[in-house]
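Input sequences plus hints: build the corresponding full structure.
Protein chains in written order, with this note's numbering: chain A, 673 to 1136; chain B, 673 to 1136.
Be a bit skeptical, because a hint or two may be false.
[To be verified] Straight-line alpha carbon distances no greater than 27 Å define the calculated DSSO-like cross-link-like pairs of lysine-lysine that follow: (1) B:1032 - A:970; (2) A:1032 - B:970; (3) A:1032 - A:1102; (4) B:970 - B:1032; (5) B:970 - A:695; (6) A:1102 - B:695; (7) B:878 - A:878; (8) B:695 - A:1032; (9) A:695 - B:1032.
Keep in mind the hints are simulated off the structure, nothing from the lab.
The residues making up each chain are set out below.
Protein chains: 2
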Amino acid sequence: MAETQREDSGAEQRESSGYKLEKPIVQSIMECVEARDTEALDAIIDTLHPADVADILEQISGPERREFLDLYDGDILGEVLSELDEGLREEVINALQPDDLTAAVRELESDDVVDLLEDLEEPQQERILEALPASDRAAVEQALTYPEFSAGRLMQPEVVRAPEHWRVGDAIDYMRSDTAYLPEQFYHVVLVDPMMRPTGYVTLGKLLASPRETPLMEIVEDSFRTVPVDEAEGEVAYAFNQYHLISMPVVDNGGQLVGMITIDDAMVVLDEEAEEDILRLAGVGENRISDRVWDTTKRRFPWLAVNLVTAILASIVISQFEAVIAQVVALAVLMPIVASMGGNAGTQSLTVAVRAIATKDLTGANVWRVVRREVLVGLVNGLFFALAMGIVGLIWFGSMQLGYVLAIAMVVNMVVAGLAGILIPVALEKIGVDPALASGAFVTTVTDVVGFFAFLGLAAIMLL
Amino acid sequence: MAETQREDSGAEQRESSGYKLEKPIVQSIMECVEARDTEALDAIIDTLHPADVADILEQISGPERREFLDLYDGDILGEVLSELDEGLREEVINALQPDDLTAAVRELESDDVVDLLEDLEEPQQERILEALPASDRAAVEQALTYPEFSAGRLMQPEVVRAPEHWRVGDAIDYMRSDTAYLPEQFYHVVLVDPMMRPTGYVTLGKLLASPRETPLMEIVEDSFRTVPVDEAEGEVAYAFNQYHLISMPVVDNGGQLVGMITIDDAMVVLDEEAEEDILRLAGVGENRISDRVWDTTKRRFPWLAVNLVTAILASIVISQFEAVIAQVVALAVLMPIVASMGGNAGTQSLTVAVRAIATKDLTGANVWRVVRREVLVGLVNGLFFALAMGIVGLIWFGSMQLGYVLAIAMVVNMVVAGLAGILIPVALEKIGVDPALASGAFVTTVTDVVGFFAFLGLAAIMLL
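See the structure below:
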């Protein structure tokens, strides 16, 4: 693909083959840094998008980052900061000279400043707020009064609005006048009533294509949604995704227009939510690839500790059957199979359920149909693998009865796994716990305990 | 939040509290269906967004869907079809009367028709193609000549373009003329040279805000990217996300403008990619919550079968130590703990790695730093849990040596788990296999085999 960057001074063209930040680019940059060649470094960085520069900073080491920041003299640092992983922002902000930080922050729109500030400590927040012009500072402080992770924090307070009785010509003249402040990104003009309540919006495309005399009310979009300023950002992102929105006006308790959220901010949230789900299901919380050893260790530890407890629980079950195992050592060889198959089936079931809950595809309307399906699937797969394991038991250890024990335990565990995999996330969701976070531990506890108990218990009955 | 839907006939207002399709709505709809009350059904459906109607159809049962389709008489069926889960599209298309299908398909833009067609069988594709007006049909057939999952399939061939030497006034007059075809969604005007090659684009916002005499070249965006028509859709979605794009022009081999991809299509792909990753990591492939029992069983079976093989492998390792277990039955009680901790640590590591590979945060530039980090994290956590398990072994079974065996095996397995969790996805990616798909099985095989071998092997040496 081709990317061209245009500077005020002329056209700066650069072909890059593919979006991957190839090792060569990173190497050239580090060579400039080592040679302390500011000019060459700025030249390379100028051809890159801030998002790619942020990626590079995430991939190099701490000391290399500091050298980079010492040397870099260009003007995209503010945007780079917005794109940077939260884990690295503090480090970079601390490494910047006060003047550089001021310059960087002044480049940004107020919603990006809010995003930057949210994760910083008080003193750093103060530093940044002091660097802003008065009006921006007011907007940012206003945004910070809204709850964290709410629509109020995502929105841009400057909205292009027009009284609902205006015509196309009025709107265009207004936008061309000096008094109008037009945000970097806007895609609609919001119509408001005399009480400043939004009543519809017009896409810029329709605005452009319609004659000047057309009343704006005649070309509003069919479907119009607004969001309260304290709505959770996850719900906002869901709406953007579900209804294919490009922008959505934000209203306060009185229904008055207070801001606009655009698709780029919603997409960041959507991305974060998907990432969170993937990482939570595996018990790694907010682990990022750029985290250091100690942070990573701390973030993985809780889940491992919980799993240690569940593993010990399962071992307690096994220990009830020590005598049985002592007599038929084959049981020790085979028991992990039943438990592990149950664990895998349970994980499949719970992953589909957690994902469906997150996308609102699993609701009160269809949960019992899904439970019924999970039980049947567990039964069918269970029977199939029961047959397979029965044969394995027979061939490997020459015992028909061992085969039966394996088979029955397998069916039981697979059905229980399916049930647990769907019921546990749903139950956790109902009591307000994030199913992605906690289901895994509960489900594997159930499948391990049931797996070992069914297998060893049946063995005790049938073989002794 | 509030949602208002406007009909040509006037303003139809409806407040819905929250985006969740509450059970009450689904129930009202099913009541209308059972009462065979077309008018009431159409009235309710008219107030809903097609995406929500699709969700409802996904949540009710097969027979209920057919009754709904028999009865529903409104005109949003085409959009609903686009929003429907792929697994259900075939069923719904087959259930529609030919006239209804024709009407439904004619509502859609050509890129949505392409998306609909892609997953259908030949005869059904033919039915739909025959329903289209000739020009749309040509556009769709052209799109189908591009590889599946490529930019060519996502794009809208109609692009709002202007010769690069035009001024703002020329562009606006053109868009207002009868000859211009303006797509439902467009956010930029693409500037082209005499060879029809794109040289930049102008946002509608800037177009509106600039005086008529302004040359378009003066208000183009700083950053401009195009994508080749055969680029993989995953790369397209990555670019939209990474660079916060709203639209991106598509060019053919000669660099000529052939279409435009807009954010709504890219977001669907992004969403699908994230969902695929989550589901693949758990081995459920394309399982959707609306799938029926048999489809679900078939989709989960392969992963379970693979895991059965790896579980048997692990059991073979255990069976080498039958004699040891016969003598020290405590080993059978404790061995699942070491294996399971290794499995969990390995899964944490592999999930972070797979996600980082997908978001291009793990590349040749930082892979060895990450490997080193994983080994250290495995070591630190391993030592901690080794201490914990050593104490457990001592307390539970009263044997210092058992404690040592547990501790050493734990450290070994945690370090190996960290290594495997990062190296296996990277290796799979390098040989062109999707790491999300296959890593899990390999990593747990390694941790199980190493876990059992280390524990039982050390036990054999130290206790006998």
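Going through the hints against the structure:
Our distance criterion of 27 Å between C-alpha atoms is met by residue 1032 of chain B and residue 970 of chain A, whose separation comes to about 24 Å. The straight-line distance between the Cα atoms of residue 1032 of chain A and residue 970 of chain B is roughly 24 Å, inside the 27 Å bound, and the hint therefore holds. About 13 Å separates the Cα atoms of residue 1032 of chain A and residue 1102 of chain A, which keeps this hinted pair within 27 Å; it holds. A threshold of 27 Å between alpha carbons decides the hint, and for residue 970 of chain B with residue 1032 of chain B the separation of about 32 Å lies outside it, so the pair is violated.
Taken as a hint, the residue 970 of chain B and residue 695 of chain A pair is broken in the structure, with Cα atoms around 42 Å apart against an allowance of 27 Å. Between residue 1102 of chain A and residue 695 of chain B the CA atoms are separated by roughly 15 Å; this keeps the pair inside 27 Å, and the hint holds. For the proposed pair residue 878 of chain B and residue 878 of chain A, the alpha carbon gap of about 15 Å is at most 27 Å, so the pair holds. Of the pairs offered as hints, the one joining residue 695 of chain B and residue 1032 of chain A holds, with about 12 Å between alpha carbons and a cut-off of 27 Å not exceeded.
At most 27 Å may separate the alpha-carbon atoms for a hinted pair to count; residue 695 of chain A and residue 1032 of chain B meet this at roughly 12 Å.
Against the hints set out earlier in the document, violations occur for numbers 4, 5.
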